[in-house]
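J.: We have chain V; now place chain G onto it with these hints.
There are 2 protein chains.
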Amino acid sequence: MRIDRIVKAPHIYTMKGEGVGYFGNAAIAVDRGKIIEAGSREMIEKEYSADDVIDLKDHALFPGLIDGHMHTALAILRGLAQDTNNWMMFGLQPFVQHTGGEDYALGSRLGIMEAIKNGTTTIGDYGDPMEEVCRFINRIGARGNLTRTIREAKQKVYQPGELYEYDREMGEESLRRNIDLFDRWHGKKDGRIRILFGPQGPDFVSRELLLKVQEEAKKRGTRVHLHTQQGSRETEQMMKRYGRRTIPWLRELGLLDESLLAVHLTDATEEEAIMVADSGASMVLCPGSIGIIDGIVPPSVPFQKAGGNVALGSDQAPGNNCHNIINEMKLVTLFNKIKYGDPEVMPAWKALRMATIEGAKAIGMDEIAGSLEKGKRADMIGIDLNKITMKPVYTHPMRNIVPNLVYSARGDEVSISMVEGEVIYRDGKFTKVDEQEILQGMDERVKRIGKEAEEDFYAFSRIHRRLMEEGKL
Amino acid sequence: MRIDRIVKAPHIYTMKGEGVGYFGNAAIAVDRGKIIEAGSREMIEKEYSADDVIDLKDHALFPGLIDGHMHTALAILRGLAQDTNNWMMFGLQPFVQHTGGEDYALGSRLGIMEAIKNGTTTIGDYGDPMEEVCRFINRIGARGNLTRTIREAKQKVYQPGELYEYDREMGEESLRRNIDLFDRWHGKKDGRIRILFGPQGPDFVSRELLLKVQEEAKKRGTRVHLHTQQGSRETEQMMKRYGRRTIPWLRELGLLDESLLAVHLTDATEEEAIMVADSGASMVLCPGSIGIIDGIVPPSVPFQKAGGNVALGSDQAPGNNCHNIINEMKLVTLFNKIKYGDPEVMPAWKALRMATIEGAKAIGMDEIAGSLEKGKRADMIGIDLNKITMKPVYTHPMRNIVPNLVYSARGDEVSISMVEGEVIYRDGKFTKVDEQEILQGMDERVKRIGKEAEEDFYAFSRIHRRLMEEGKL
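Chains V and G are the protein sequences, given in the same order. Here the first sequence is numbered in this note's numbering, starting from 1024 and rising by one per residue. Here the second sequence is numbered in this note's numbering, starting from 1024 and rising by one per residue.
Looking at chain V on its own, in the form it has when it is part of the complex (with noise of 0.2 Å):
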């Protein structure tokens, strides 16, 4: 049978089943977009003849991974709110009062391509707008997974303990726009990209809109992509609005349930992790995220005991400061085993699950990504194993390529990257847009949001401010 391409490789893992899937001396025929077959490559030779055969010789193909959590458009803002306590307030607040839509569509062109290169296909970002990541997306290739921001909190300086004041027509705006945002990208680009529902939290729009925004999801078949107990700041509000912390509230509200993507859980209990669990919702971690601006882990671990998925999600730059899910994978191991004083408590295999199939079913699309299997759409990245992190290759009486990918790898070890079985980055290089050209001159437009934001920065800086005067940054 005459198809659009097939790629070879010495080590396959498909991810199928309850492991790793792994098949050795294997190939996948591609047609149209779509995984037609995946198993031993004298199979597929014999059946299958292409026009474009790529053989990725010492290479190990994976399912592309998943992100499920980003804010793309803030790695304009790279690196300026990190070892601060609230550094939301004290590290980014002085820099997003002088940033800009052109800024933010420019953070959101670097994040997704850093993402691309460390082997992210599918690109879970998270932000207002969204036309221009749309339009990027599509152009670079990439699956998009894309939320609108939903908030109907007005945006300004709250004392401690103030609660956040509701404007309704702010909120019902925000809900046309994330319909409107629906209704011109769902499903388009042969599927690629996909619009989910974005409530800020449960503090930043009011019980009633949070109602409304999961009925206009589930209308529409797709998903509630809600930041969730995520601090303390959310806590409190929640206590002194609704006398409830946010999970026990959700559940009364009837809001937990399998349309629901819950971010971070940053302080939820065990037992609050279990109830989300239980509903059928899904958890997306952000571990270096969370580590870093909270020194928190949160709580997958029981999560996934209580039988829930968890995807990984980068988060943003500004705090976390690179969108690298290899780089998540390992977080979230480390950060477990010295959580529970356990060297076996996460192991390898279960953080690539994340970033792969459990990664695709958190975000409901695992029949068409997260594993490289008959009828789903070709996403897939290649690991070259001779990059030094990767070497030596053992494959018996143990492989180590899992160990090594989840513990050694840096990103770069992805030499190539398909998505619906266009390559779209292959060598170092984008197919389709060219990551130098992006980048000219986002130093020089810093500059001025540098500038602009010195005043606010010398008023609200708590810790950089100092660092600078002393001589530590």
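Hints may be right or wrong, so weigh each one.
List of simulated lysine-lysine pairs, DSSO-like, C-alpha gap at most 30 Å [claimed, not checked]: (1) V:Lys1080 with V:Lys1455; (2) G:Lys1384 with G:Lys1241; (3) G:Lys1474 with V:Lys1452; (4) V:Lys1452 with V:Lys1031; (5) V:Lys1080 with G:Lys1470; (6) V:Lys1362 with G:Lys1039; (7) G:Lys1039 with V:Lys1455; (8) V:Lys1470 with G:Lys1080; (9) G:Lys1455 with V:Lys1452; (10) G:Lys1474 with V:Lys1080; (11) G:Lys1039 with V:Lys1474; (12) G:Lys1080 with V:Lys1452; (13) G:Lys1039 with V:Lys1470.
Over 10 Å on every C-beta distance to chain G, these chain V residues come out as not near it, computed from the model [stated by the list, open to error]: (14) Glu1041; (15) Asp1074; (16) Val1076; (17) Asp1106; (18) Gln1116; (19) Ile1202; (20) Arg1207; (21) Glu1231; (22) Thr1412; (23) Val1446; (24) Arg1449; (25) Lys1452; (26) Val1456; (27) Arg1488.
No wet-lab data here; the hints were simulated from the structure. Computed from a prediction, not measured in an experiment: that's the story for all the values here. Glycine included, every Cβ here is placed at the ideal spot set by N, Cα and C.
T.: Just chain G, lined up with the frame of chain V:
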């Protein structure tokens, strides 16, 4: 004045003083391997001329990074010993039995090249034998701070709780060999190679031998590089033999002083860590290694608070997995933020100091390395700020280069590395060795190790055998 070389960069982090010693638009004048001036580009260009001018556009220059503790030989067994309790017995042991001298020599070449690619210029290797390591470090042009293992406990399988059996002759012989290595290599190759004394642990050598080793080290003005309080197995041996935990015992013996480089302190109490720091001894912390193999964050924070110097180490590749001090900088900050639930406890600049000047102090090399200052040897690395992980670059009102290096960089931002003013690595290539030629055939070689280890693997592996059977590797 005519000199050998001028290196220019828009950003230089000298690490002089208490912070990071930043200079903008700066240059470094190098002659006969030494920094003769570091400062403003204008001044240097006026005072000096050189045949060789390296103008690093869009780069930040840092001192070469210092790795205080490595077992590079074990890189030949990379990725075989994670995700299990007792990594040495259950992970490493089945393979070690079948790994020979040539394999280990190749492992060292792998580990040393990997470290240099990630910005390390001072290789703190520890092993047995070390002759090949000395030769390779000499050949590749790096700086070596090298230790030969001294061991008195017989190599055999001990029952849990069984006291190690000492072999006096073996202990004496390994000390003689350490002395011999010292005589042949210490101070050689323009002083690039330095030899320390390496009793494997206070439980692996007798009290008498440990005292003798310290005496021999002091006589020669070098240090004792000792695994110290590295876990419950050691504590059990010490309690059984001497009725004391390691650190108070070392103090009573008079072994705690400036000549001691105490590695790990895995389960040292805070009080014990302070006891070591107070004595003037220094600490090497291997965050990733101890995090992965034990799920523990050792007490480097109280050690530093007590005024002690801490170097970072990448330890070994089977259990930790990579020789990348940039990665260890990230892990020491994240782990301590989590340990203390405080994002401010371990900021980026402190980690950078551990990898440079503080590390140099810890290993007793701060007179020649660890900062870019007049009179020191010219060991430095260039970080390419056009790499996507370092973008964008803010300089005012806050610089984000150090946070981005610590939290975002992967290692491939290192575009140039110099030791003694000589370029040893540039744009992905070593100047004196051929990476691909060295790695060539490595996978074939380890096939033999795997095959021979088969029986022991099935007999001793507790976790990995099951993971292979369940399709999780």
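J.: List in ascending order the numbers of the hints, as given earlier, that are violated by the structure.
T.: Of the numbered hints, 3, 6, 7, 14, 17, 22, 27 do not hold.
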